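K.L.:
Okay, here's what each chain looks like letter by letter:
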Amino acid sequence: MTDPVQITRRSFLVALNLGVGGLALGFHTLEASADEPTGFTGPGPRPVSQAHESATAGLAPNVLVHIAADATGTTTIICHRSEMGQGVRSSLPVLIADELGAKLEHVIVRQAIGDKKYGDQNTDGSSSIRKFLDDLRRAGAAARHMLIAAAAKQWKVRPETCIALDHQVVHPPTKRALGFGALVTAASKLPVPKLGELVLRPFKELRNVNHPSLPLLDGAGYVEGKALFGADVTLPGMLIAVIARPPVVGGTVASHDRAAALAVPGVKHVIAMPAPKRPWMFQPWGGIAIVADSTWAALKGRAALAVTWDDGTHASYDSASFRDELLASVRAPGTPLRSVGDVDAAIGTAARVVEAEYLVPHLAHLPMEPPAAIARFADGKAEVWAPTQHPQAARAEVARVLGIGEDKVTINVTLIGGGFGRKSKADFSSEAAFLAREVGAPVRVQWTRADDIHNGYYNAVNAQRLRAGFDANGKLVAWHHRTAFTPIGSTFNEAVVEPSLGDLQQGVLDLPLAIPNVRAEACKAKAPVRIGWYRSVYNIFHAFAVGSFIDELAHASKLDARDMWHAVLGPARKADLNELGITKLANYGESLDRHPVDAGRLRGVIDRVTASAKWDDRKRAGRHLGLAAHRSFVAYTAVVISVVPDPVRKFRIDEAWIAMDAGTVVNIDRVHAQMEGGLIMGISNALYGGITLKRGRVEQSNFRDARIARIRDVPRRIHTDLVASEAPPSGVGEPPVPPVGAALANAVFALTGQRIREFPITRALGI
Amino acid sequence: MKIRVNGVERTLEVDPEMPLLWALRDTLGLTGTKYGCGEALCGACTVHVDGLAVRSCVTPMRRVDGKAVTTIEGLSKDGSHPLQQAWLALRVPQCGFCQTGQIMTAAALLAAKPRPNDADIDAAMAGNLCRCGTYPRIRAAIKKTAGVPRDEPGDDK
Numbered sequence: 000m001t002d003p004v005q006i007t008r009r010s011f012l013v014a015l016n017l018g019v020g021g022l023a024l025g026f027h028t029l030e031a032s033a034d035e036p037t038g039f040t041g042p043g044p045r046p047v048s049q050a051h052e053s054a055t056a057g058l059a060p061n062v063l064v065h066i067a068a069d070a071t072g073t074t075t076i077i078c079h080r081s082e083m084g085q086g087v088r089s090s091l092p093v094l095i096a097d098e099l100g101a102k103l104e105h106v107i108v109r110q111a112i113g114d115k116k117y118g119d120q121n122t123d124g125s126s127s128i129r130k131f132l133d134d135l136r137r138a139g140a141a142a143r144h145m146l147i148a149a150a151a152k153q154w155k156v157r158p159e160t161c162i163a164l165d166h167q168v169v170h171p172p173t174k175r176a177l178g179f180g181a182l183v184t185a186a187s188k189l190p191v192p193k194l195g196e197l198v199l200r201p202f203k204e205l206r207n208v209n210h211p212s213l214p215l216l217d218g219a220g221y222v223e224g225k226a227l228f229g230a231d232v233t234l235p236g237m238l239i240a241v242i243a244r245p246p247v248v249g250g251t252v253a254s255h256d257r258a259a260a261l262a263v264p265g266v267k268h269v270i271a272m273p274a275p276k277r278p279w280m281f282q283p284w285g286g287i288a289i290v291a292d293s294t295w296a297a298l299k300g301r302a303a304l305a306v307t308w309d310d311g312t313h314a315s316y317d318s319a320s321f322r323d324e325l326l327a328s329v330r331a332p333g334t335p336l337r338s339v340g341d342v343d344a345a346i347g348t349a350a351r352v353v354e355a356e357y358l359v360p361h362l363a364h365l366p367m368e369p370p371a372a373i374a375r376f377a378d379g380k381a382e383v384w385a386p387t388q389h390p391q392a393a394r395a396e397v398a399r400v401l402g403i404g405e406d407k408v409t410i411n412v413t414l415i416g417g418g419f420g421r422k423s424k425a426d427f428s429s430e431a432a433f434l435a436r437e438v439g440a441p442v443r444v445q446w447t448r449a450d451d452i453h454n455g456y457y458n459a460v461n462a463q464r465l466r467a468g469f470d471a472n473g474k475l476v477a478w479h480h481r482t483a484f485t486p487i488g489s490t491f492n493e494a495v496v497e498p499s500l501g502d503l504q505q506g507v508l509d510l511p512l513a514i515p516n517v518r519a520e521a522c523k524a525k526a527p528v529r530i531g532w533y534r535s536v537y538n539i540f541h542a543f544a545v546g547s548f549i550d551e552l553a554h555a556s557k558l559d560a561r562d563m564w565h566a567v568l569g570p571a572r573k574a575d576l577n578e579l580g581i582t583k584l585a586n587y588g589e590s591l592d593r594h595p596v597d598a599g600r601l602r603g604v605i606d607r608v609t610a611s612a613k614w615d616d617r618k619r620a621g622r623h624l625g626l627a628a629h630r631s632f633v634a635y636t637a638v639v640i641s642v643v644p645d646p647v648r649k650f651r652i653d654e655a656w657i658a659m660d661a662g663t664v665v666n667i668d669r670v671h672a673q674m675e676g677g678l679i680m681g682i683s684n685a686l687y688g689g690i691t692l693k694r695g696r697v698e699q700s701n702f703r704d705a706r707i708a709r710i711r712d713v714p715r716r717i718h719t720d721l722v723a724s725e726a727p728p729s730g731v732g733e734p735p736v737p738p739v740g741a742a743l744a745n746a747v748f749a750l751t752g753q754r755i756r757e758f759p760i761t762r763a764l765g766i
Numbered sequence: 000m001k002i003r004v005n006g007v008e009r010t011l012e013v014d015p016e017m018p019l020l021w022a023l024r025d026t027l028g029l030t031g032t033k034y035g036c037g038e039a040l041c042g043a044c045t046v047h048v049d050g051l052a053v054r055s056c057v058t059p060m061r062r063v064d065g066k067a068v069t070t071i072e073g074l075s076k077d078g079s080h081p082l083q084q085a086w087l088a089l090r091v092p093q094c095g096f097c098q099t100g101q102i103m104t105a106a107a108l109l110a111a112k113p114r115p116n117d118a119d120i121d122a123a124m125a126g127n128l129c130r131c132g133t134y135p136r137i138r139a140a141i142k143k144t145a146g147v148p149r150d151e152p153g154d155d156k
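Order-wise, the sequence lines are chains F and X. Residue numbering for the first sequence is 0 to 766, as defined by numbering that gives the first Met the number 0. Residue numbering for the second sequence is 0 to 156, as defined by numbering that gives the first Met the number 0.
Read the hints as simulated data drawn from the structure, not as lab findings. Fair warning: this is a prediction, and the values are worked out from it, not measured in the lab. One should not assume that every hint holds.
What the hints assert, rightly or not - Covered by chain X, according to a simulated footprint, are these stretches of chain F (three or more residues, beta-carbon under 8 Å):
(1) 231 to 243
(2) 307 to 315
(3) 583 to 594
Claimed, not checked - Covered stretches of chain X (chain F as the covering partner; in silico rule of three or more C-beta atoms under 8 Å from a C-beta of chain F):
(4) 19 to 29
(5) 53 to 63
The beta-carbon is built from N, C-alpha and C at its ideal position, and this holds for glycine as well.
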């Protein structure tokens, strides 16, 4: 069982299309899928009917697994989460197949449509393995139990004496074997086992899980240009739309030159989009759509449209003055959400107080694929193809915009060309559906890069103020943390102007502190733009401030930074609510029993990353290193960054180390890839991050001013160190990002002596 | 206008100012070439025109009249180009969206300079953005294809 097989990329039969009927992930009732949706398949981007799939007889103990009654027992596994580069399509089906005992070469992977029968499909919060590891294994185990039961019945042996392996059920004592295909018909007549009856294989016996060279399911499609992303779907008779959207949130059209747009050859329609109502949520932005027979004609038509806007009340938003408002907010008392001892008294009597303020601007997702969606509307039903992280939310929003039932809406999930949270929003899906109905033809909505930058859901802009008090012996006796940002909740309810207990879980409340007097306060910040989830969210600025401040405390105390991290975090222990000084911790939806706040694991990654980086040797070696660590999505990550002088740009990152403890993992290569990529996104955030607004309008418009790291910004040597662990799985996609900003700023300080407390670092250094 | 696309002569009746990108995607259905920025800032739309790497999003059709265009679909018939193979072996892609442009730029680099050093790779690939952060593996895959050892002396020049 444990011999890993060499897998080739041909091991998978790839099919990017749609779901097969079956049972809910609780997998207890059999419900036939009478209304099998249509889908699309590569390489030709055209829809094909998948109706024949539902007619295939077979074994379907739940919605994720279907084994056909054909010669080999062709096994279809549904991927119910969206693929955006984290590798779910190369991971989740393998987990199910291994638990089942399937050969990967007999496995077809299909992408689920948006449907509640699949449970939670919101691909967000670094949760696909964290939340579904055991459910996915049970989906495979249920089918295995039924196949074994069928074989055991035929052989008149006990099921416990049989095993499922290589797409066969085997009875080792008598050396008998039957292929899955031969067992499907008998197995499908047996009862689906109850949850409590399922026995999972020992994790280490899952033979392809964590195989170091597990192929990318969609790898060939990616490198041959055949992979289908949102804008690659083409329907017969399809028109292409671009939309002139209001540059200020809540703005409306004052005037436009409809005739000029219609005069552009190829432009077919000029359509007013419905104006959004407060709260903004996932609604389309409004504006005017140009629908044409080519993207180029639509773009030219939009340029001719000459819209003037009524900006509305949000035109008052200016990020330079808002920065001052946020600083004022953290200079005044906020709502205490974490309290231990008496911070005011401790700071009042401290021998020394260190204080610093940190700022992080709005960040834009900037996925390489700008939003796009395709829709058609006929007979009262809408069908959408979209690179959506949240197909059920898209389904609900399309139904709302069209005023039809969700049962009349089909959301097909394409590959996502980078999501990072932007594509959990449904706005582009419902724009396409609305236009398809209005023009009576299939429509693709294509966002330009400027649209993406101007009309996004940005990460919250933030200010923080940290104060620490030392006693006469240099011991830390007080920690006072204030943070002000507009929470994402404001996008759904404008009355929300202050972070909640749930918001502050991200690096403020779940920070273990071996300090007797602690207070953390949430400070007000009104909602001037749409705020949304962005990879690792509030952790970005909290980790930047805390990781920088600990370095400042080390410098002020003339202590080594790692020693200061140890002093702040204290000894290895699990910090309970009482110690943390809070009444509850959202803890990313996990119980504290399963995922405690573990100071030992945070110290563990700090110790590993500093050992890898030869931290203790840095001064002798003439190296300038920065260290930071952070807990997020119940994973523990630490980063060391090395910088060297550069004649033009003042510094260059020449090497980086990242260590992560994420508990149990399933696809070790993709986890390392997330560590590499998360580190680089963290570098982008710190070096260049910054969306600014003036008169309510975003000032950046393309990659020349909304910059992200290019290949030469990235260290040529990146060392990823993943802790081998059997602990419950943590998140993986987001946790590599947060500690990077502070590690980089601390390295720049080590090199230049200049303390940087605000992103982007390039602006702070005048480079 | 007549252009030779992946070895096939095509006659296209389109606006001469239409960027090659949209002619490839909308008119010819060659969707492996991607739209990422429209201003030659990200490289997702990279194709070869008479063997040189070109950003198709800012290349009007009139400028490719009579020329030979190679897209990712024509780089190899079956994904057998050594760069495509190296990309798979090192599992370079994450979301995959920018990778066709990355491969087209890398192919032009290796055609001009079969054994590039790190500085050559930095210079050639500077115009191709990847938001997922696959740059280390892109560099490694180019070196693997070129038979250049990784971390060879001079890597950090």
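K.L.:
List, from low to high, the hint numbers that the structure doesn't satisfy.
P.N.:
Hints 2, 3 and 5 contradicted; others consistent.
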